[in-house]
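Protein chains: 2
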Amino acid sequence: MTKQELIDQIRKKRSFLCIGLDTDIEKIPKHLLSEEDPVFAFNKQIIDATQDLAVAYKPNTAFYESRGAEGWESLKKTIRYLNNLENPVFTIADAKRGDIGNTSTQYAKAFFETLNFDSVTVAPYMGRDSVSPFLQFEGKWAIVLALTSNQGAFDFQFIKNDENQEKLFETVLETTKSWGSEENMMFVIGATKAEMLAQVRKHIPNHFLLVPGVGAQGGSLEEVAKYGMNSDIGLLVNSSRGIIFASNGLNFAEKAREEALKLQIQMAKLIC
Amino acid sequence: MTKQELIDQIRKKRSFLCIGLDTDIEKIPKHLLSEEDPVFAFNKQIIDATQDLAVAYKPNTAFYESRGAEGWESLKKTIRYLNNLENPVFTIADAKRGDIGNTSTQYAKAFFETLNFDSVTVAPYMGRDSVSPFLQFEGKWAIVLALTSNQGAFDFQFIKNDENQEKLFETVLETTKSWGSEENMMFVIGATKAEMLAQVRKHIPNHFLLVPGVGAQGGSLEEVAKYGMNSDIGLLVNSSRGIIFASNGLNFAEKAREEALKLQIQMAKLIC
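Those sequence lines, one after another, are chains S and B. Take 0 as the starting number for the first sequence in numbering that gives the first Met the number 0 and just add one per residue. Take 0 as the starting number for the second sequence in numbering that gives the first Met the number 0 and just add one per residue.
Chain S with its partners taken away, still in its complex shape (with noise of 0.2 Å):
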């Protein structure tokens, strides 16, 4: 999807909700046990009731591999599902991969052509060879690190640079934006730290932002778009067990519905 497609959808549905399919087969409803593949009917389910509500899907690998292949095979169909639907949606596999270049090479091929997803998240600690290899896939994004939602954040990404005195994630964005463009970048801040997007702004006016921790992770969507929104709307927003999990009841899909519907009402009021 490129960004001006992006930008239609998010028009179009009056949204900027990214839902992040964190399927986690311990905590999804008893009674979809049963089902050949539950997580895969978990999440068509969750699909079914939200996608008129969100523009981007963002399942996180991790609670797939840990079903080792046939987790793998639940992802799979997931993104079929997804690249399937009537109203394109933008896809996100949240796997923060990065290694050397000939081996990102690979994670690209996995996320980009065996599972055909939009975009991959990427973690920029091995520099540039670890992350340029995610930009040469044609319509496809590199979705990098720089300040995360979690307490760990603070370990490294805020330490100051000699040099210059820009914090790590300063210099992770101001280095790695001229690796790629605003077509094929995107960065992820989080939103737990929503008072820092005015100073991301400075570094990337233009670019997309995935802005994860928004509901659980306890981020406020109105302070997020105060600080990072920008003339093409430039935020994903996204949120994952507050939605998915709302419930565990048979009505779970009804719920998680209320859930990214509340979320929608809001952002198509941030949306000027």
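Some hints here could point you the wrong way.
Where chains are identical, the list cannot tell them apart; a pair therefore holds if satisfied intra-copy or between any two copies.
Stated by the list, open to error - Only pairs whose alpha carbons sit at most 27 Å apart, straight line, appear in this in silico DSSO-like list of lysine-lysine: (1) LYS76 <-> LYS2; (2) LYS176 <-> LYS139; (3) LYS43 <-> LYS254; (4) LYS29 <-> LYS108; (5) LYS139 <-> LYS75; (6) LYS139 <-> LYS26; (7) LYS108 <-> LYS26; (8) LYS166 <-> LYS176; (9) LYS75 <-> LYS26.
In short, the hints are calculated from the structure, not lab data.
Following the hints, position chain B against chain S.
For chain B alone, kept in the frame of chain S given last:
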């Protein structure tokens, strides 16, 4: 495998060789492609031909993931085979994972429980709560990226900390070492920067180091031993392509053994 057991194997085999099973299906000998699982068939022959010379094996997960569920099955067969060798070997899932706490726990389950590896490589960028979940499994190890062997290492890992003038990889060593112990943490230090090993040993004199970059990437074994070895040996030196793709003929396993043997002979001389 415990630290003492690893040291015992090193002394017994007079080797600190780790063989990287970066099994790219496009590079394996053509005659294997008619096998039911060509990647596992390749790995099995490589392992059989080298197991008396190597103390560790390190499949890089990218080469398996790029083949989807099928690749995951090859990885499962490979780790099962490694875990049933007569002389135990240390096993490393070179996966470079790292995510927020509940998600890292899923990755740890994937590699320590579903697949039963001894260790996983972990990216430090997201900080403590992304690394700690890998340290909660009895007898298992996290191998943290500190100073990698690729060119991109210079993009961020050498950034000087304004507070104490340490380079980022040094701060990563100093900070993360307190999260675990010498019994459940190792660090990745690239052989291509062997002269930095003396500096690394100031921060972590006793930890084991996983050292990639000897061979295809150009690092020198003598330099690595000179600056990195400690009284426990304290090194696992990895070679991947230089061994496993030494030949793509019918005799590939024999040729792989020859390359492994060259390194093992050098290593035997370096072990006091």
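Against the structure, the hints come out as follows:
no., hint, in the structure
1, LYS76 <-> LYS2, "within (25 Å within a copy, 41 Å between copies)"
2, LYS176 <-> LYS139, "within (16 Å within a copy, 37 Å between copies)"
3, LYS43 <-> LYS254, "within (15 Å within a copy, 49 Å between copies)"
4, LYS29 <-> LYS108, "between (35 Å within a copy, 21 Å between copies)"
5, LYS139 <-> LYS75, "within (17 Å within a copy, 30 Å between copies)"
6, LYS139 <-> LYS26, "between (31 Å within a copy, 26 Å between copies)"
7, LYS108 <-> LYS26, "between (30 Å within a copy, 16 Å between copies)"
8, LYS166 <-> LYS176, "both (16 Å within a copy, 22 Å between copies)"
9, LYS75 <-> LYS26, "both (20 Å within a copy, 25 Å between copies)"
When held up to the earlier numbered hints, the structure conflicts with none and fits them all.
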